[in-house]
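Asker: Residue numbers (our numbering), protein chains in the order written: chain A, 1 to 214; chain B, 1 to 417.
By construction, these hints were calculated from the structure, which means they are not laboratory data. Incorrect hints may have been included.
To be verified - As a list, the in silico SDA-like pairs of lysine to any residue whose alpha-carbon atoms are at most 20 angstroms apart:
#: 1; chain 1: B; residue 1: Lys-323; chain 2: A; residue 2: Ser-57
#: 2; chain 1: A; residue 1: Lys-99; chain 2: B; residue 2: Pro-51
#: 3; chain 1: B; residue 1: Lys-326; chain 2: B; residue 2: Glu-65
Said to hold, decoys possible - Now the stretches of chain B that chain A is said to cover, found in silico as 3 or more residues with beta-carbon under 8 angstroms:
#: 4; segment: 8-16
#: 5; segment: 29-41
#: 6; segment: 46-59
As the list claims (entries may be wrong) - Calculated Cβ distances over 12 angstroms to all of chain A for the following chain B residues:
#: 7; residue: Val-20
#: 8; residue: Asp-78
#: 9; residue: Ala-258
#: 10; residue: Gly-332
#: 11; residue: Ala-369
#: 12; residue: Val-371
#: 13; residue: Ile-376
Ideal placement from N, C-alpha and C gives every residue a C-beta, glycine not left out.
Given next are the chains, with one letter for each unit.
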Amino acid sequence: MRDLEVRRLGRVPYADAAELQRALVEERRAGRVGDVLLLLEHPHVITLGARGDAARSHLIATPQQLAELGVELSETGRGGDITYHGPGQLVAYPILDLKPDRADVYNYVRNLEQVMISVSARFGVAAGRIEGLTGAWVGGSKIGAIGIRISRWIASHGFAYNVNTDLDYFSLIVPCGIRDRGVTSLARELGDVVRMTDVEDAVIDAFRAVVQAT
Amino acid sequence: MPTNVVMPQMGESIAEGTVVRWVKKVGDHVDRDEPLFEISTDKVDAEIPSPAAGFLAEIRAKEGETVAVNEVVAIIADAPGASPAAAAPAASAASPAPPAAQKAAAAASAVPPPVPPAAAAAAPLSGDEWRRQKSSPVVRRIAAEHGVDITRIEGSGAGGRVTKQDILGFMEEKAPAAAAGAAPAARAAGDEVVPMTVMRRRIAEHMIASRRTSAHVHSVFEVDFSRVSKLRDAKKADYERAGAKLTYLPFIVKAVVAGLRAVPVANTSIDGDNVVYHKDINIGIAVALDWGLIVPVVKQADEKSLLGLARAMQDLADRARNKQLKPDEVQGGTFTITNPGVYGALLGMAIINQPQVAILGIGAIEKRAVVVDDAIAIRPMAYLTLGYDHRLIDGAVADQFMSVVKKQIETFDPAGL
């Protein structure tokens with residue numbers, strides 16, 4: 001099994017986490033650190049993927065509404081469309097060197113889906129995939145979203161998994177630009193709040209088993 | 001030497017990528033491994049480093065453009081200003097010609113430029129001097145009239161001199177090649193030059209790619225639409241009350257579905273050395289637009305009733321004309337129907353819509369005098385033309401498909417109308 005350094009960071013503003021990732025990508029490239037997994041939560045923020053214009057059209061709320069709700073708006077360099085992050089959502093940012101033997105973004109995305117599916121299963125929720133729609137799904141609702149950035153095969157960004165997320169915030173956007181599907185969380189599926197550290201433990205186990213196994 | 005920058009393969013199963021952003025502009029210097037452009041596939045954005053140090057000479061894939069893996073998206077040159085437009089063929093010794101210009105030059109000179117023995121020892125002569133010394137006024141006049149570069153012709157005359165016969169022979173040899181190649185279109189004064197729209201370029205690429213990919217063969221069947229015509233007349237009013245226009249097309253789609261069920265190889269794609277048999281029957285219907293052509297897809301056409309087909313096709317055609325189709329609605333087709341008959345064409349030899357293997361062209365349905373039971377009868381008839389990929393489908397199989405379609409139309413089962 002490959003080494004993995006896990007950093008549990010608690011609540012981190014989006015911009016700070018982005019800066020930390022940038023620095024870690026450089027460190028990883030230089031070989032000064034090994035594979036790192038950042039686990040954290042963001043304060044309320046709506047982020048737009050690299051294809052900013054298309055993503056922006058999937059923002060429903062006005063700037064005033066966002067300001068009133070205390071929701072930031074941030075452009076990012078990750079793949080994917082628009083999404084919401086906030087308290088109760090577990091964000092995982094693996095900083096990995098995918099070279100030489102994991103250099104396949106399709107497989108990497110499927111692996112991150114598998115991590116979220118395994119974590120869901122551990123809490124008794126049957127999540128799965130929907131072909132053509134990246135992410136982890138429970139029925140027709142998305143429980144976890146993926147957005148990746150690769151720079152010379154160093155991966156950053158990662159996935160956001162709804163644990164106790166207040167799902168009402170998703171009504172501010174069309175999540176990932178997909179109109180006809182809803183969102184869900186572990187808490188909604190179970191009818192009870194789940195301890196974040198338990199989910200973090202499950203993510204670390206699944207990540208080691210799925211992504212770092214070979 | 002210039003270096004080609006290609007769309008990288010980001011995963012074994014990933015066939016294409018979209019250029020999201022160019023980090024460098026044409027003319028910019030770039031170091032090896034410095035970020036050059038960003039691409040996106042699925043939910044992944046990747047920053048692609050330059051494969052070489054040099055100057056970005058040409059960008060071939062614009063931001064937002066999706067191209068196949070390994071397709072050239074840019075060219076890095078050793079020197080600044082070595083842009084393809086600037087690299088004149090005559091001056092190509094000084095600056096390295098980009099591959100496109102090299103290719104063009106190679107195509108234009110099947111015969112290597114001759115080196116006259118006399119000139120080998122002395123200082124090399126310029127093209128003009130050589131031309132003056134070695135060719136007669138007649139040859140020079142012909143060359144000027146037809147825009148032929150004499151230096152490209154191997155002379156059979158004394159001292160490598162180009163004779164009249166040489167130049168006429170050269171022109172005859174080159175003529176078809178020039179017509180087929182990228183000969184610049186002639187422009188007369190007053191001609192208007194309009195850049196192609198993105199859609200036009202896509203259509204152009206798609207059509208040429210299909211011609212190159214598939215071994216096109218066409219087979220024409222004549223079909224009697226009497227029965228369908230009667231059923232249509234009888235049901236038209238009912239359908240209109242249900243909010244649907246009943247044309248001949250849903251009947252034809254039904255018949256095609258029966259044909260594809262009977263001959264599944266017509267509902268496939270070729271993937272390398274494999275044949276992919278599609279579970280669903282998704283019928284693309286070519287819709288002519290004022291600004292081009294689009295092929296919305298009726299998904300799972302085999303599961304729809306005649307009314308369902310009529311509604312779906314009407315809806316897709318309307319939204320195609322109002323530019324309201326979703327990307328998903330023009331993808332995933334497994335067979336295409338095109339209808340040149342609406343404009344009066346007797347039959348149409350359509351180009352296959354890749355990666356499909358067959359396409360049906362519907363000719364005009366019109367009354368013709370035909371022989372029925374040794375008597376001349378007036379019947380609504382049409383020519384249906386199947387274009388198919390002979391790599392996969394043999395003539396007998398294509399005709400088997402067409403005879404099922406013909407029989408279905410001529411003996412259409414009114415149950416379920």
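Asker: Against each hint, give a clear statement of whether it holds in the structure.
Answerer: Comparing the hints with the structure gives:
Among the hinted pairs, Lys-323/B with Ser-57/A is consistent with the structure: their alpha-carbon atoms are about 17 angstroms apart, no more than 20 angstroms. At roughly 17 angstroms between alpha-carbon atoms, Lys-99/A and Pro-51/B fall within 20 angstroms of each other, so this suggested pair holds. Taken as a hint, the Lys-326/B and Glu-65/B pair is honoured in the structure, with Cα atoms around 18 angstroms apart against an allowance of 20 angstroms. For the segment 8-16 of chain B, the assignment as covered by chain A holds, since 5 residues bring a beta-carbon within under 8 angstroms of that chain's beta-carbons and 3 suffice.
Counting residues of the segment 29-41 of chain B whose C-beta sits closer than 8 angstroms to any C-beta of chain A gives 5, which meets the bar of three, so the coverage hint holds. Restraint check on the segment 46-59 of chain B versus chain A: 3 residues with Cβ-Cβ distances below 8 angstroms, three needed, restraint holds. Remark: the non-interface label on Val-20/B conflicts with the geometry, its nearest Cβ contact in chain A lying 5 angstroms away (cut-off 12 angstroms). With a cut of 12 angstroms on Cβ distances, Asp-78/B stays outside the contact zone with chain A, its closest approach being about 23 angstroms.
Interface exclusion of Ala-258/B from chain A stands, the closest Cβ pair being 28 angstroms apart, more than 12 angstroms. Not every C-beta of chain A lies more than 12 angstroms from that of Gly-332/B, the closest at about 10 angstroms, which undercuts listing it as non-interface. Ala-369/B, annotated as away from the interface, keeps every beta carbon of chain A farther than 12 angstroms; the closest lies near 52 angstroms. Interface exclusion of Val-371/B from chain A stands, the closest Cβ pair being 52 angstroms apart, more than 12 angstroms.
For Ile-376/B, the non-interface assignment is confirmed: its Cβ lies about 55 angstroms from the closest Cβ of chain A, beyond the 12 angstroms cut-off.
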